[in-house]
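So the protein lines, in turn, are chains A and B.
Residues in the first sequence are numbered consecutively from 1, following the numbering used here.
Residues in the second sequence are numbered consecutively from 98, following the numbering used here.
Hints may be right or wrong, so weigh each one.
Stated by the list, open to error - Straight-line alpha carbon distances no greater than 27 Å define the calculated DSSO-like cross-link-like pairs of lysine-lysine that follow: (1) B/451 <-> A/13; (2) B/451 <-> A/39; (3) A/39 <-> B/191; (4) A/39 <-> B/361; (5) A/13 <-> A/39; (6) B/191 <-> A/13; (7) B/451 <-> B/191; (8) A/13 <-> B/486; (9) B/361 <-> B/486.
What the hints assert, rightly or not - So these bits of chain A aren't anywhere near chain B, every CB distance computed over 10 Å: (10) 21; (11) 23; (12) 65; (13) 67; (14) 78; (15) 85; (16) 86.
Note that these hints are calculated values from the structure, not bench results.
The C-beta atom is built at its ideal place from N, Cα and C for all residues, glycine as well.
Residues per chain, in single letters:
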Amino acid sequence: MASADIDVEYVAKLARLALTPAEIERFGAQLGALLDHVKALEELPVADVAATAAVIPGTGVGREDLVQPSLDRETVLQGAPQRQGPYFRVPSILGEA
Amino acid sequence: MDAVLDRSAREIAEAVRTRAVSAAEVAEAAIARVRERDPQIGAFLTRTEDLARERARRVDERVAAGEALPLAGVPVALKDNLCVTGTRTTCASKILEQWVAPYDATAVSKLLEAGILPVGKTNLDEFAMGSSCENSALGVTRNPWDLGRVPGGSSGGSVASVASGTATFALGSDTGGSIREPAAFCGVVGFKPTYGRISRYGLIAFASSLDQIGPITTSVADAALVYETMAGFDPCDATTVDRPVEPAGTLREDLRGVRVGIVKEFALDALDAAVREVYAQAYRDLERLGAELVEVELPTADYGVATYYLIAPAECSSNLARFDGMRYGLRVERADVAATYEATRAAGFGDEVKRRILIGTHALSSGYYDAYYVRAQKARTLIAADFAKAFARCDVIACPAAASPAFEFNAKSDPYSMYLMDYYTIPMSLAGLPSLSVPCGYVTPPGAAGPLPLGLELTGPLFAERALLAAAHAYETGTQHAKKHAPPPLAGAAR
Chain A
1 MASADIDVEY
11 VAKLARLALT
21 PAEIERFGAQ
31 LGALLDHVKA
41 LEELPVADVA
51 ATAAVIPGTG
61 VGREDLVQPS
71 LDRETVLQGA
81 PQRQGPYFRV
91 PSILGEA
Chain B
98 MDAVLDRSAR
108 EIAEAVRTRA
118 VSAAEVAEAA
128 IARVRERDPQ
138 IGAFLTRTED
148 LARERARRVD
158 ERVAAGEALP
168 LAGVPVALKD
178 NLCVTGTRTT
188 CASKILEQWV
198 APYDATAVSK
208 LLEAGILPVG
218 KTNLDEFAMG
228 SSCENSALGV
238 TRNPWDLGRV
248 PGGSSGGSVA
258 SVASGTATFA
268 LGSDTGGSIR
278 EPAAFCGVVG
288 FKPTYGRISR
298 YGLIAFASSL
308 DQIGPITTSV
318 ADAALVYETM
328 AGFDPCDATT
338 VDRPVEPAGT
348 LREDLRGVRV
358 GIVKEFALDA
368 LDAAVREVYA
378 QAYRDLERLG
388 AELVEVELPT
398 ADYGVATYYL
408 IAPAECSSNL
418 ARFDGMRYGL
428 RVERADVAAT
438 YEATRAAGFG
448 DEVKRRILIG
458 THALSSGYYD
468 AYYVRAQKAR
478 TLIAADFAKA
488 FARCDVIACP
498 AAASPAFEFN
508 AKSDPYSMYL
518 MDYYTIPMSL
528 AGLPSLSVPC
538 GYVTPPGAAG
548 PLPLGLELTG
558 PLFAERALLA
568 AAHAYETGTQ
578 HAKKHAPPPL
588 AGAAR
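Given only the sequences and the hints, what does the whole structure look like? Please build it.
Shown next as structure tokens:
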């Protein structure tokens, strides 16, 4: 049962998530039920309330822009799904001639 | 040598510092115990025996050189969403199943500097999303008190290792209750400090406005020691607060002059009779120990779960966008880059992670952002304001950590029923407050293998860790619940 509140197929596209038809069905029902529960928030008088922007107020911090040692390139590339020499190898994003 | 493992972190460190025992001996005993006990429990996804031995050698050298290491030779379990250099760090997800961390989380490096021996990386609900550890893609963790029941979650492996004696303490992470609920289920102490107290650098992010690292221990005194070792500003995490960490020092043993708030909206009538009696007794014990009980109101706390299940998934959908199969982890190759992203994420994430990514993406999407995400952040402001009002009348708030003891596997098939397990822990997380669970009694439901522990949740105002830990220590020493029973693997061992 799909929910009127959420178009799972569209949202999955935005989230870059391939879903099977069975998943679309199942997640649609489960997320529709969750959205019914969160509707309770409409009972709260929030018109004049500021949205929480930071949990601990006044914690915005800056620091000097200093050159620091970074992670070793070879170590990081060992975690790459595919590499080519000192680079990450990724699928092409521009059409090839 | 095995018996040394049943001492507190403080005592083990003292024994190693005074060279009554070497860190190398502790490491061998800890490794043997993990091998002996963990096959029944499944707390660990990866055992780090070589690392424990290597660190033990260094600790012994440093002790010999006269260094006073606060956690010298203490065997520790680390939740597998914390990066440890050269160690597989999976988040219990197929998308990171083979990923080896290239650096240490700050919390981990501070503990290593203090002398810990990491014995392994522990199981969790995938990316810390869940309340039973059943959402792990990589293993099953059982509750040491009853192997037919879940350990709680998401830090299920960490609490199970401490409860079964395979680590002296563990690190967990808590986003909506992921340290406190499993600590309650496994009869150990679980402490989530104030948001910003402990660096999350190297903690793989789930919901960044909520995630906090914290200790899981067998006593409040050990929780205080580990917390003090980890806390403090870190230039690598801009959300850490540059504010002195007050040492807990000698923790007091009574509650005279402490006002404990009992939340009107968390009436115990809602609970099962046996569970209700344990909490009613806990409140009476607080009073017996000298506390003044005052009723406080948290009228918006009932909206916590709804608020959380918009904010946390929204942040999750953003944080987990980085898992696209390009730079680390799994890649499922397809004809073009978009199809590769989609196939990689489909194969790499489990159902609960997918649900949260979907609901979060929806809540942040054009046309829904104000109705869902912004409204939830406004509700969050109201919840935090209610706590501020309550703390004008009390020093600490007491309530159940969970509505029930540990449940059986597959008992919560509907996602929302699982979400409700964090009913008592979520509001505190939304407000960023320091909060912990301490053992407060036992119930034996029909069909249980034996008594199952319950946890009392104590919560303090922002940055009031010292007063919170002091109150928890006084309650713990005044009731001795943690010493009344021991889970089966420990039953024969002196505690």
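Quick check: which numbered hints come out false for this structure? 3, 8, 11 and 14
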